[in-house]
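Student: Sequence:
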Amino acid sequence: FTHVEKRMNHTGWQLKIADMLQTNVTDEIVIENQDLDMIAGLSEAGISAKIRLQSLWKDAIFAVIEELECEITETCDSCGKEYQRAVNVQDYSAKYVLSVDEDEPEEEVLLIDQRNGIIDLWELVYHAIKMQEPFVKRCPDCENKEISDDDQDLEERE
Numbered sequence: 117f118t119h120v121e122k123r124m125n126h127t128g129w130q131l132k133i134a135d136m137l138q139t140n141v142t143d144e145i146v147i148e149n150q151d152l153d154m155i156a157g158l159s160e161a162g163i164s165a166k167i168r169l170q171s172l173w174k175d176a177i178f179a180v181i182e183e184l185e186c187e188i189t190e191t192c193d194s195c196g197k198e199y200q201r202a203v204n205v206q207d208y209s210a211k212y213v214l215s216v217d218e219d220e221p222e223e224e225v226l227l228i229d230q231r232n233g234i235i236d237l238w239e240l241v242y243h244a245i246k247m248q249e250p251f252v253k254r255c256p257d258c259e260n261k262e263i264s265d266d267d268q269d270l271e272e273r274e
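In our numbering, the protein residues as written are 117 to 274.
It is worth saying that the hints were derived from the structure and are not from the lab.
Do not rely on the hints blindly, as some may be mistaken.
Okay, derived cross-link-like pairs now, SDA-like style, lysine to any residue, Cα gap no bigger than 20 Å in a straight line [said to hold, decoys possible]: (1) Lys132 to Ile155; (2) Lys211 to Lys253; (3) Lys253 to Thr191; (4) Lys211 to Lys261; (5) Lys261 to Phe251; (6) Lys253 to Glu190; (7) Lys132 to Asn232; (8) Lys211 to Val225; (9) Lys132 to Val146; (10) Lys166 to Ile145; (11) Lys211 to Ala134; (12) Lys246 to Lys174; (13) Lys211 to Leu226; (14) Lys246 to Lys261; (15) Lys166 to Ala210.
Generate the whole structure from the sequences, applying the supplied hints.
Tutor: Given below as structure tokens:
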């Protein structure tokens, strides 16, 4: 077992990983202020993240988003006002594989582009951000108003 840490060169969201599949290594990727078109309302600051990749055997890579931060412009479902929602993700993981096994347990599985020896990190990042999306979007004012309304309801019942 060898443990090697290095920064990999990445172009946009694609990452060359063919060499990782040859040996058992761990690499860390740092992404700063990267844009992702699929995320509507992403602020100009883009996405910043720290992602750890670990090769598993010769046909899989385990990816963990250790930290991810971005801001998204949302519209409040209560008052209709636009606001900035901070997104913070920690410890979101997925496995990149050469082929998907139908018998494999349900988990986040993404495909390695075998011909070019690359993985596309955008899909991992997109899913991590989408998992943080609230069911009901409320600006801080409406969120605070709802909390104080709940407190008032409790007081009236006592």
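Student: Hint by hint, note whether the structure agrees.
Tutor: Here is what the structure says about each hint:
Distance hint between lysine 132 and isoleucine 155 is unfulfilled; the C-alpha atoms sit about 24 Å from each other, more than 20 Å. At most 20 Å may separate the alpha-carbon atoms for a hinted pair to count; lysine 211 and lysine 253 exceed this at roughly 30 Å. Pair hint lysine 253 plus threonine 191 holds up; C-alpha atoms about 7 Å apart against a cutoff of 20 Å. For a cut-off of 20 Å, the pair hint linking lysine 211 to lysine 261 is broken: about 41 Å separates their Cα positions.
Simply put, lysine 261 and phenylalanine 251 have alpha-carbon atoms about 18 Å apart, close enough for the 20 Å limit, and the pair holds. Using a Cα cut-off of 20 Å, the hinted pair lysine 253 and glutamate 190 holds, with the two alpha carbons roughly 7 Å apart. Pair hint lysine 132 plus asparagine 232 holds up; C-alpha atoms about 8 Å apart against a cutoff of 20 Å. Note on lysine 211 and valine 225: the hinted pairing holds, with a Cα-Cα distance of about 5 Å set against a maximum of 20 Å.
Taken as a hint, the lysine 132 and valine 146 pair is honoured in the structure, with Cα atoms around 15 Å apart against an allowance of 20 Å. At roughly 6 Å between alpha-carbon atoms, lysine 166 and isoleucine 145 fall within 20 Å of each other, so this suggested pair holds. A threshold of 20 Å between alpha carbons decides the hint, and for lysine 211 with alanine 134 the separation of about 15 Å falls inside it, so the pair holds. At most 20 Å may separate the alpha-carbon atoms for a hinted pair to count; lysine 246 and lysine 174 exceed this at roughly 30 Å.
A C-alpha spacing of about 6 Å is found between lysine 211 and leucine 226, which places the hinted pair at or below 20 Å, so the restraint holds. At most 20 Å may separate the alpha-carbon atoms for a hinted pair to count; lysine 246 and lysine 261 exceed this at roughly 26 Å. Under the criterion of a C-alpha separation no larger than 20 Å, the hint pairing lysine 166 with alanine 210 is consistent with the structure, at around 14 Å.
Violated hints, in rising order: 1, 2, 4, 12, 14; the structure is consistent with all others.
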